[in-house]
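Trainee: Protein chains in written order, with our numbering: chain A, 1 to 207; chain B, 1 to 223.
These are computed hints drawn from the structure, not numbers from a lab.
Source: prediction; values computed, not measured.
Positions of the beta carbon are idealized from the N, C-alpha and C atoms, including for glycine.
One thing to keep in mind: the hints can contain errors.
Pair by pair, the computed Cβ-Cβ distance ranges are [as the list claims (entries may be wrong)]:
hint, chain 1, residue 1, chain 2, residue 2, range
1, A, Pro51, B, Ser195, 43 to 49 Å
2, B, Ala95, A, Gly53, 16 to 22 Å
3, B, Pro188, A, Gly53, 40 to 46 Å
4, B, Val128, A, Ser77, 22 to 28 Å
Listed below, chain by chain, are the residues.
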Amino acid sequence: MNVGRNSEDTLAGPEIATAKEHKRSDNELEHSEHGATSNTNKTPEGLSIRPDGKIALTEAGAPEVLGYAYPTWKKWSILCVIFIVQCSMNFNASIYANGVGFLTEKFDISAQAARVGQMIFLVSYAFGCELWAPWSEELGRWPTLQLSLFFVNGRFTPESSLTYSLADSSSPCPKLWDRCCGSLSWGYLISWRLCYSWNGSVNRRTR
Amino acid sequence: MEWVSESSNPLMAVADMWSPQTQQFAVAFVVFSSVFGSVIGPLVGPFIEANLKWEWICWTQLIFGGFVQILHFFFVPETRSTVLLDREAKRRRKAGESNIYGPSELKEHRFSRQEIIKTWIRPFEMFVREPIVLFCSLLSGFSDALIFTFLEAFTPVYAQWGFTTEEMALTFVPLAIGYFIAWASYMPPLLRQRSILLKDPNAAPELRLWWLLYRKASCDNDL
């Protein structure tokens with residue numbers, strides 16, 4: 001059963017995958033319409049008329065507005081920005097290592113303790129995406145990433161003010177706490193890449 | 001846990017715009033950006049560490065992050081199909097076509113708890129029910145562990161040779177070059193793969209993996 005499903009998904013061509021997606025979204029629509037599945041009529045243009053008389057626009061009904069239809073230059077300019085976004089994410093992640101020395105000196109803690117922030121970051125890296133996924137699917141990629149970037153960049157405002165007001169304070173707690181928060185939002189940002197991903201993976205193919 | 005996220009995200013970031021048969025170069029590009037990005041930190045970081053106050057680690061992050069956000073704000077349009085269909089439906093209604101609605105407009109509960117939980121559980125369900133997801137994730141998690149351990153190992157190794165903090169940064173230049181070569185090395189197999197998949201979309205999915213096999217072996221030998 002499992003093997004059969006797997007190979008079917010993996011081997012599906014674009015047409016099959018698209019058809020499946022339509023079927024899926026149609027099912028969802030019908031499901032939300034009190035489970036009235038049998039009354040839906042499909043018109044050839046990819047519009048389906050629902051029992052309540054509303055016409056649902058599907059991917060087949062407007063292929064020209066989808067991401068697939070973007071011209072090549074537009075797709076690649078999007079990818080180029082994604083490239084830089086990814087670099088920024090990984091930069092945030094990897095430059096933490098250069099802060100470890102400062103943290104140990106400033107707060108008189110071990111290097112291991114200083115790296116706890118990075119650890120929290122890596123864990124949230126794995127799970128933050130999960131939190132973003134439904135919003136990326138429903139509200140779209142653009143607002144979700146903007147919000148995520150807003151959290152990441154916005155965290156610097158409290159952080160830098162804390163940094164300056166606590167510059168001579170000997171207590172590591174507020175700053176470490178802040179660092180952890182920062183790490184969490186990094187996690188959100190970086191793992192946003194995943195919310196992009198998992199759902200697409202389920203809808204389109206398994207690989 | 002990192003492999004949870006690592007395995008599929010670069011493969012799927014392009015799924016909104018490319019079909020599985022034509023996405024090779026886009027996928028390779030995104031994957032390249034993620035590994036290439038990881039050496040920017042060690043390249044830039046030591047210079048900041050040696051010459052500036054530690055706050056500058058945060059400031060460079062903010063500058064880079066702000067720049068990226070502005071770039072994304074202006075140059076990346078929406079790609080999610082349901083959102084685009086909603087917009088198109090709205091446009092058509094305005095143009096006089098009454099009674100046409102996009103997928104999200106027809107959903108009664110856009111954020112039902114069940115739907116959200118289903119989305120959250122799905123990746124873990126796939127670990128159990130889709131062996132290919134599990135094994136690719138394990139492979140990816142393993143190579144990530146290698147990369148991070150490797151990055152950490154640079155400092156103590158080169159410290160023995162008297163490298164200064166700034167010279168330490170330069171040791172990552174070969175790594176960046178290596179990533180670039182690895183990326184380039186994928187082009188011929190991807191071209192072949194693309195032509196096979198365009199002719200026969202049902203070609204054995206394993207053909208996507210063969211170059212990875214050799215690359216992985218050589219990468220592990222290097223370490």
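Trainee: Confirm or reject the claim that Ala95/B and Gly53/A have a C-beta distance inside 16 to 22 Å.
Mentor: holds (19 Å)
Trainee: A range of 22 to 28 Å was offered for this pair. Does it hold for the Cβ distance of Val128/B and Ser77/A?
Mentor: Because 39 Å falls outside the window, the suggested range is violated.
Trainee: Starting from the range 43 to 49 Å, see whether the pair Pro51/A and Ser195/B falls in it by beta-carbon distance.
Mentor: Because 46 Å falls inside the window, the suggested range holds.
Trainee: Could you say whether the range 40 to 46 Å given as a hint is met by the Cβ separation of Pro188/B and Gly53/A?
Mentor: This hint is violated: roughly 55 Å between Cβ atoms.
In summary, the numbered hints that this structure violates are 3, 4.
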